[in-house]
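Visitor: Sequence:
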Amino acid sequence: KRSGSKADNRVLYPRTLLAMARLVRPETGRAVLLTQDKTSMFKSLSQVSKYWKLQRNFQCNIGGLTGLIFLFNRTAEIRRDGDDVSRRERKRANDAAFKSAKNGKTTSAGDEAPAIDVDKDKVA
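Just so you know, we're using our numbering here: the sequence shown kicks off at 1 and counts up by one.
A couple of the hints might just be wrong.
[As the list claims (entries may be wrong)] Each computed DSS-like pair below joins lysine-lysine, with the alpha-carbon atoms no more than 30 angstroms apart:
id, residue 1, residue 2
1, Lys-53, Lys-102
2, Lys-102, Lys-43
3, Lys-43, Lys-6
4, Lys-38, Lys-50
5, Lys-43, Lys-91
6, Lys-102, Lys-38
7, Lys-38, Lys-6
8, Lys-53, Lys-43
9, Lys-102, Lys-91
10, Lys-99, Lys-38
11, Lys-38, Lys-91
12, Lys-6, Lys-99
13, Lys-91, Lys-53
14, Lys-53, Lys-38
Just so you know, the hints here were simulated from the structure itself, not pulled from any lab data.
Between the sequences and the hints, there should be enough to build the whole structure, so can you do that?
Guide: Right, here's the structure in full:
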């Protein structure tokens, strides 16, 4: 069963990559992400290019659906806690994603799970 929406992913992907940038070692860190919503991921790259460089992407088959695997390398840029979006913006996005998931809203192929809480106090 698929859940979430492309609109949720446009918020989720950059925030997740920013939160991961805070946890992953600069210069040597890596991240591998799998998604069907490749458009939202490519749009997110401009927001996180300070911290992540897309090394390569691979196309794959996920039960008959086309997915993309993204391999990111961490840049040398230091990630500071104050660089993140405001707490109010995070809460608004998480509330909308939760409401969408609670209502059992399912969407077309290419959509991912609802947003997760990337609050710095809960991630680390």
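Visitor: If a hint holds in the structure, say so; if it doesn't, say that too.
Guide: Each hint tested on the structure:
Pair hint Lys-53 plus Lys-102 does not hold up; C-alpha atoms about 35 angstroms apart against a cutoff of 30 angstroms. Under the criterion of a C-alpha separation no larger than 30 angstroms, the hint pairing Lys-102 with Lys-43 is consistent with the structure, at around 27 angstroms. For the proposed pair Lys-43 and Lys-6, the alpha carbon gap of about 11 angstroms is at most 30 angstroms, so the pair holds. With a C-alpha separation of about 20 angstroms, the suggested pairing of Lys-38 with Lys-50 holds against the 30 angstroms cut-off.
Between Lys-43 and Lys-91 the CA atoms are separated by roughly 22 angstroms; this keeps the pair inside 30 angstroms, and the hint holds. As the CA atoms of Lys-102 and Lys-38 are separated by approximately 25 angstroms, the hinted pair is consistent with the 30 angstroms bound. Of the supplied pair hints, the one linking Lys-38 and Lys-6 holds, its CA atoms being roughly 10 angstroms apart against a limit of 30 angstroms. For the hint pairing Lys-53 with Lys-43, the CA-to-CA distance comes to about 14 angstroms; that is within 30 angstroms, so the pair holds.
Using a Cα cut-off of 30 angstroms, the hinted pair Lys-102 and Lys-91 holds, with the two alpha carbons roughly 16 angstroms apart. The hinted pair formed by Lys-99 and Lys-38 meets the criterion: a straight-line CA distance of about 24 angstroms does not exceed 30 angstroms. Using a Cα cut-off of 30 angstroms, the hinted pair Lys-38 and Lys-91 holds, with the two alpha carbons roughly 25 angstroms apart. For the hint pairing Lys-6 with Lys-99, the CA-to-CA distance comes to about 15 angstroms; that is within 30 angstroms, so the pair holds.
Distance restraint check for Lys-91 and Lys-53: the Cα-Cα separation of roughly 28 angstroms lies within the 30 angstroms cut-off, and the hinted pair is therefore satisfied. A threshold of 30 angstroms between alpha carbons decides the hint, and for Lys-53 with Lys-38 the separation of about 16 angstroms falls inside it, so the pair holds.
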